[in-house]
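Participant: Residue numbers (this note's numbering), protein chains in the order written: chain L, 1 to 686; chain Y, 1 to 277; chain D, 1 to 431; chain C, 1 to 117.
Hints listed in this document are in silico derivations from the structure and should not be mistaken for laboratory results. Among the hints, a few may not be true.
Below, computed lysine-lysine pairings styled on PhoX-like, alpha-carbon distance capped at 20 Å [to be verified]:
no.: 1; chain 1: D; residue 1: K88; chain 2: L; residue 2: K449
no.: 2; chain 1: D; residue 1: K412; chain 2: D; residue 2: K340
no.: 3; chain 1: Y; residue 1: K97; chain 2: C; residue 2: K72
FRET-style restraints, in silico, Cβ to Cβ [unchecked claim]:
no.: 4; chain 1: L; residue 1: M218; chain 2: D; residue 2: D227; range: 55 to 61 Å
no.: 5; chain 1: L; residue 1: M218; chain 2: D; residue 2: E139; range: 51 to 57 Å
no.: 6; chain 1: L; residue 1: L38; chain 2: Y; residue 2: G21; range: 31 to 37 Å
Backbone N, C-alpha and C define an ideal beta-carbon position, used for all residues, glycine too.
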Amino acid sequence: MAQAIAKSDYTGAAHAPAKPTFGLFARPTTKTGLVSWLTTVDHKRIGMLYGGFAIMFFLIGGLEALMIRTQLIVPNNRFVTAQLYNELFTMHGTTMIFLAVMPLNAAFFNLLVPIQVGARDVAFPRLNSFSLWVWVVGAILLNVGWLSHFSDLFAGFGGAPDVGWFGYSPLTSKQFTPDLSTDFWVLGIQVLGLSSIVASLNFIVTIINMRAPGLTMMRLPVFTWMALVTSFLLILALPAIAIALVEVMFDRNFGTNFFEVSGGGQPILWQHLFWVFGHPEVYILILPPMGYVSEILPTFSRKPLFGYPIVVFSGVAIGFIGFGVWSHHMFTTGLGTIATAAFALATMAIAVPTGVKVFNWIGTLWGGRIVTRVPMMFALGFIWMFMMGGLSGIMHSAAPADAQQQDSYFVIAHFHYVLIGGATFALLAAIHFWFPKFFGRMVPEFWGKLSFWLIFVGFNATFFPMHFLGLNGMPRRTWTYDANMGWNEGNLFATLGAYLLGLGIFTYFAVLVWSFFKGKPAGNDPWDARTLEWSIPSPPPEHNFAAIPTVHARDAWWYEKTHKEEIAMEKAEHIKAEESHGGIHMPDQSWYPILAASGLLVGAYNMAQFRHPLSFFGRTLGFDYGNSADPLHPHHFELGHVHLAMTGLCILVSACYLWSLEGPGGYHIHLDANGNATESRGGYHH
Amino acid sequence: MSSHAAAGQIDHHHDHTTATGIPNKKLLWWAFLASDCMFFGTLISTHLVYRLNPPPGNAVPTQIFNIELTSFSTFILLMSSLLMALAVNAIQRGNVKSTRVMLLGTMFFGCIFLGGQVYEFTHFVFVKKMTLSNSIFGSTFFTLTGTHGTHVAIGVLLLGMMYVRTFKPTSGNGLLRNFAHLGAVCVTMGVSFIWFVPGMIEVIYGLPLGEFLSHHAVPLAVGVAAFIAVLWFGRTSGTVEFGEQNAGDVEAIGLYWHFVDIVWIIIFTAVYLLEYL
Amino acid sequence: MTRLRSALRQISRVTAALTGGFALLLLSGCNKVHQVFSLSGPQSTMVTAGPVAERQWDLFMITVYVCTFIFIVVGAVLAYAQIKFRAKSEADEHAAPPAEAGHGNPFVEIGLIAGSVALLVIIAIPTVRDIWYTHDVPEDEKVGAMDVTATGYQWWFKFDYPTEMVKLPSGGEAPLSTGNELVVPAGIPVRVQLRTVDVIHSFWIPKLAGKVDMMPNRGNFLWFKADKPGYYYGQCAEYCGESHAIMKFRVIALSGADYVKWLDNQKKSARTVTAQSLADEANVPHFKFASLKDVGRNSTLSGSPDFDADPFAAWQKMQAPETGESAQLIAAGRKNFSDKTCITCHTVRGHEGIGIAGPELTHVGARSSIAAGVLENTSERLHQWIKDPAYFKPGNKMYHGGYIDVTTGQPKFTLNDAEIDTIVAYLHSLK
Amino acid sequence: MSAPTTAPADAGHHEPSKFHYFIALAMILAVITGVEVVLVYMPLAKWFVTTALCVLSAFKFLCVIFIFMHLKWDKVFCTILFFIGLILAGGTMWALLHLFGADASKPISSIVGMLMY
Ligand code: HEA
Ligand code: HEA
Ligand code: CUA
Ligand SMILES: [Cu+2]
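Taking the hints into account, I'd like the entire structure generated from these sequences.
Facilitator: Structure below.
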């Protein structure tokens with residue numbers, strides 16, 4: 001065993017070569033400053049970056065939501081124009097899903113998975129950094145359209161995307177949305193998909209292959225299990241939308257007819273392909289939150305998770321069944337009776353494994369000693385609110401009834417209950433729970449609880465009335481409504497609720513910022529928790545573990561705490577073995593991931609507008625765009641976006657090639673008896 | 001790993017450094033291929049869905065396809081898979097020379113396949129008048145086979161990189177030489193599948209050889225020059241940092257290559273053969 | 001065992017408390033709360049007026065009963081656990097966890113799964129039954145059923161009656177066509193063929209039937225039956241671009257006799273008012289138009305209080321010619337209607353209008369709403385609409401394409417208030 | 001792997017060569033492809049040819065993944081991993097083809113809607 005560890009096996013990276021044979025940009029070694037963040041391969045830093053960006057976008061998405069609610073506060077309101085309203089809900093949905101909840105989950109995968117499996121980093125650290133920066137590129141592309149509202153120089157973008165978060169064709173066709181915003185939407189989602197696929201492949205390998213000795217699959221923390229299932233869902237669901245987006249892009253730019261009725265295309269195919277992705281996507285959003293809750297509940301019930309194997313198995317089942325229910329978003333599209341019935345029944349079936357989870361969470365509480373600290377309150381709130389959202393999902397699954405509910409505010413209520421009451425509550429629980437671990441400071445209980453109650457009350461005040469608005473016939477994506485529809489009070493109430501919710505969210509994050517500077521220092525294990533991340537210092541050192549742990553039980557850290565001597569001996573042995581083989585091996589930083597991502601930015605940004613003349617700050621550059629009236633040379637380019645797009649592609653490919661030549665790299669950390677670290681480089685080999 | 005290598009025993013089916021014994025890279029590739037199944041599943045679905053519901057005036061596949069040529073391409077791709085398997089076999093036995101030959105062979109067969117596709121596409125567009133945009137069949141067919149072709153092209157590029165990688169010297173920084181070598185390989189391959197192979201097919205179908213040569217004299221000359229450069233760079237020299245321990249890398253590319261092959265097996269049946277019933 | 005029993009007793013107590021609290025909340029709530037949760041608007045899905053909507057509502061209520069039951073039972077257990085097992089002391093908070101979680105009792109797990117499945121079956125059976133029922137007109141009613149075609153346009157609806165042919169002035173026949181207000185006989189199943197000329201729209205009359213989408217390239221349809229004569233609100237329910245939110249329509253169900261009368265009138269060509277045909281030409285009515293600035297937050301665009309009090313009666317009143325018509329004004333309006341190119345987009349059967357890009361206006365005076373249900377068809381509102389269509393319907397194709405040239409962005413023509421008055425008089429004469 | 005090494009070509013135990021195995025498989029694949037092409041032109045029942053084509057290409061598919069791609073010799077987990085993707089992709093394709101094959105899904109594309117502004 002010790003032998004195996006010594007070979008740095010669980011860091012997944014090979015030892016450093018004697019000297020880099022090929023190197024264009026030397027690998028940076030600095031540990032502080034901007035460069036260290038841009039080139040970082042440390043999973044914890046990458047996780048923080050993901051988290052920081054995601055929270056920023058969560059606030060932006062929330063601001064968009066508040067503008068939506070303000071527009072709807074009274075009938076016939078003219079706070080925003082119809083066009084801007086459409087941009088707002090499109091970007092609110094897209095932002096919250098792709099730029100807030102997904103990357104927040106990715107942040108926790110990064111922060112926690114390697115530690116929970118007892119590794120020093122992910123399997124492919126540079127690939128991880130690549131995923132992050134590619135995600136940033138996607139976020140930029142999606143939001144670049146907003147610039148046209150701030151400066152006329154960017155008027156050509158035609159505003160932010162306005163096709164709805166599921167971009168139903170043929171609204172996305174050039175005929176109905178001729179401006180660039182849709183092109184940016186298409187490419188933005190495409191790039192985000194690439195990021196997610198790459199990251200997920202990385203996590204699949206990390207979780208399956210990098211587990212510490214003794215950590216069998218059935219000892220993995222449930223969160224890590226859910227990260228695994230989610231990663232699988234991502235790599236299997238994203239291709240469907242990726243291809244569908246390519247088809248839209250071709251329709252828009254190359255005259256194909258995938259969704260163009262005039263050429264025999266069928267727009268409904270887009271819906272199928274979108275929801276083949278879209279439904280698994282909602283489980284991609286909720287499974288990691290189910291993981292956080294499965295970690296937090298046992299910790300604060302002082303009791304191991306009840307029915308662990310069943311909870312794990314039901315997570316896998318939800319993921320799998322989730323691939324067979326997509327058409328429940330299309331009950332009103334005229335699928336025919338048989339298909340409708342089949343999808344309705346399959347949808348109902350999902351309630352069973354989900355119910356199993358709920359029952360086992362309650363089983364975990366049962367007979368425990370429930371400590372209601374802030375993370376626990378959010379976790380309990382999650383169960384309540386998610387249950388409500390799930391049950392209204394079941395109401396939707398009754399297809400004929402759904403004919404009344406579909407595209408009404410009832411759906412808005414359903415999915416905000418699962419997305420906020422579910423996913424977001426769990427994320428807020430998780431942020432609060434792991435904050436002390438990664439920043440080394442506690443968040444004050446009082447302010448945490450206050451924000452919980454503000455959020456809880458505000459959330460229900462906002463979204464509970466929406467069920468009734470929906471039943472009362474209010475359609476979603478409603479820019480404004482007339483005063484005689486009976487929706488005035490409901491909307492007023494919901495909007496006031498949203499302000500309260502906004503105040504709650506504001507309080508929550510303001511308190512975090514305060515705690516970051518002024519919070520009480522947290523020890524290694526402030527919650528007396530169960531999993532490996534609590535066995536190491538807060539914040540964790542770069543190499544995570546002084547000694548790779550050996551795992552003996554499901555709640556590894558609880559076991560360690562009760563078997564101190566045994567563990568101490570094991571660890572000493574592991575440290576010795578590792579040091580005799582050159583010390584703790586750590587991967588090196590690299591420029592290439594961010595370089596490759598920047599190539600992607602240049603490429604995708606120009607690709608989106610390659611049929612448009614090249615312009616620079618509103619001025620068309622002096623190149624003749626060609627004569628589209630000439631049938632023989634309809635698109636005759638001088639220097640245009642095409643060339644820049646090709647340049648971007650070249651940067652991307654060259655960066656990847658140089659990256660592959662860079663060699664695995666790496667350096668060693670040596671710990672002395674007091675735990676002080678020194679570093680060494682080069683072909684250290686005893 | 002080094003310790004095993006020194007003892008000359010690398011177990012290519014068990015990696016002791018991972019929890020499952022599967023090397024990380026191999027696991028990554030298999031997971032990626034699972035994902036790629038969904039990519040092609042979606043593309044093939046799109047194609048078949050529109051074959052089920054063709055709009056009036058759609059192109060008629062059997063009047064467009066050239067089944068002899070496609071069968072030949074299919075055969076070539078299967079044989080390239082054989083060469084790829086042999087390349088992996090060779091490197092697993094530490095035989096770098098044979099690996100290089102097999103890699104080159106795989107690349108060349110890949111180029112024949114691509115050349116066939118280039119010929120097919122140009123023929124469809126200019127002779128059969130089926131373009132990407134003038135019928136839904138054109139849209140789905142070109143997108144599906146084009147995506148497959150792109151996969152093959154990326155495969156050829158990866159193989160080229162791997163081939164050049166086998167020359168990485170044990171000492172000294174050969175970055176420039178490496179780039180030049182790769183450039184020569186890319187140019188050779190590019191010329192062969194864009195000009196040479198489609199041209200040869202034309203010749204077989206009756207284009208006089210002289211006309212072909214004079215038409216594409218410049219690119220062909222560049223291709224020949226690049227090919228000579230490849231041979232020149234490929235002279236054996238000094239020791240290289242490549243051997244049995246790199247079997248995993250070659251195998252990873254092999255997995256990709258074979259996958260592209262099996263996708264073609266499906267496409268050949270679903271898109272071509274079934275049309276003839 | 002006794003522990004279990006006492007637990008059960010407590011659970012039932014919590015259940016009772018929860019149910020009671022919930023009921024109290026619903027019953028007692030103050031007026032505002034009552035309005036927030038009220039379900040009696042014109043598009044309410046609960047106040048059903050036909051068998052399809054009724055089935056859908058009943059099915060919905062089954063899901064509500066089942067889900068509320070689940071919520072209360074599971075919620076009660078959860079609440080009980082939360083209260084009963086809370087840490088009561090400092091020591092509790094740091095209690096050593098038990099080594100094993102226990103794998104639960106397999107019988108309990110299987111029982112819960114079986115229970116869930118059983119509850120789902122309660123929902124599943126009526127779901128499947130109603131999928132077939134709501135899909136198409138039941139066999140035994142098929143004979144008497146009536147067919148209409150609804151076509152979605154960005155952002156209005158066109159309705160065709162394929163079995164009701166009208167003679168075209170130019171010769172030939174075409175199906176009767178109208179816009180934005182679908183008139184049907186009550187008590188007879190109506191099968192609506194759903195078509196679209198551009199993007200996806202969705203056809204939804206909450207009180208009569210749930211929605212079905214108008215999918216490009218697909219032959220969708222839905223059916224409904226209005227139990228009684230009445231006036232129903234409809235709405236496009238699929239996001240279809242800039243003015244999706246205000247793409248509405250109306251359905252008016254008439255008794256058999258009224259329907260026949262209506263059809264007869266509709267089949268006639270446009271009404272022509274001349275000095276001779278007017279019994280008494282009254283003084284020219286002086287319209288006082290509310291300026292656009294008055295269209296504030298609290299104005300109700302689609303229905304004045306009078307109208308809303310009984311929309312059906314108001315609609316019926318619209319069918320008769322207005323008092324105080326002026327032949328001169330109408331004639332001037334007819335001329336303006338053609339001079340200002342309105343005729344290129346609107347058909348007025350028998351008059352100059354031949355366009356098909358906009359709604360048929362042959363009998364527009366007899367409609368209760370304009371611009372796809374956004375505005376009540378009063379003189380003021382019609383005037384406002386013609387004055388600035390883009391104000392009420394941002395992006396609408398009448399403004400962009402009619403008033404403003406899409407390619408150049410320049411206005412094509414202008415209308416002054418007096419001209420608009422004449423057009424309003426003309427359009428309102430088209431009963 | 002730390003110090004770059006060139007493994008001496010003859011040292012120790014080696015992966016047994018699968019050369020002949022691979023060649024044989026390649027021949028089989030080539031023959032099957034030939035059979036497939038010929039089958040299409042045979043005056044046989046349509047269902048039979050369709051079934052035969054599907055079976056034969058599935059067989060080729062499996063041969064390549066299990067032998068050329070070494071699945072047969074690798075850890076079963078690789079097989080499981082790949083088949084998750086394969087089965088989901090196959091299932092999705094199957095479902096989509098049925099959804100679009102159903103009567104409810106016949107497009108009306110012959111009538112091209114007039115698009116007006
Ligand atoms: C986190 C995201 C999330 C989650 C987890 C879910 C979960 C579920 N959703 Fe939801 N859904 C969305 C996000 C989510 N949804 C979104 C974003 C949309 C709208 C997209 C758009 O149009 O923009 C949507 C829309 C949507 C529709 C389409 C509505 C329409 O447009 O017409 C349907 C229809 O069936 C549906 C059903 C379900 C079901 C059955 C579940 C189930 O998984 C729920 C299961 C959970 C429970 C049932 C509760 C706990 C269980 C018990 C206590 C056990 C006992 C219960 C029973 C036996 C019933 N959802
Ligand atoms: C995870 C996903 C998620 C989350 C968290 C939310 C959060 C919220 N959502 Fe949304 N929502 C969606 C996903 C989500 N939503 C989706 C997918 C759609 C469909 C889009 C479509 O139709 O295409 C939608 C649509 C949607 C609508 C319907 C629009 C329409 O159809 O016309 C409404 C209306 O009320 C709404 C409201 C809200 C509100 C009030 C919140 C609140 O919870 C927000 C709370 C947060 C805040 C209030 C931020 C507080 C911050 C500050 C106050 C500080 C701001 C400062 C700076 C930025 C520096 N959302
Ligand atoms: Cu039409 Cu929305
Ligand atoms: Cu769904």
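Participant: Check each numbered hint from earlier against the structure, then list the numbers of those it violates in ascending order.
Facilitator: 3
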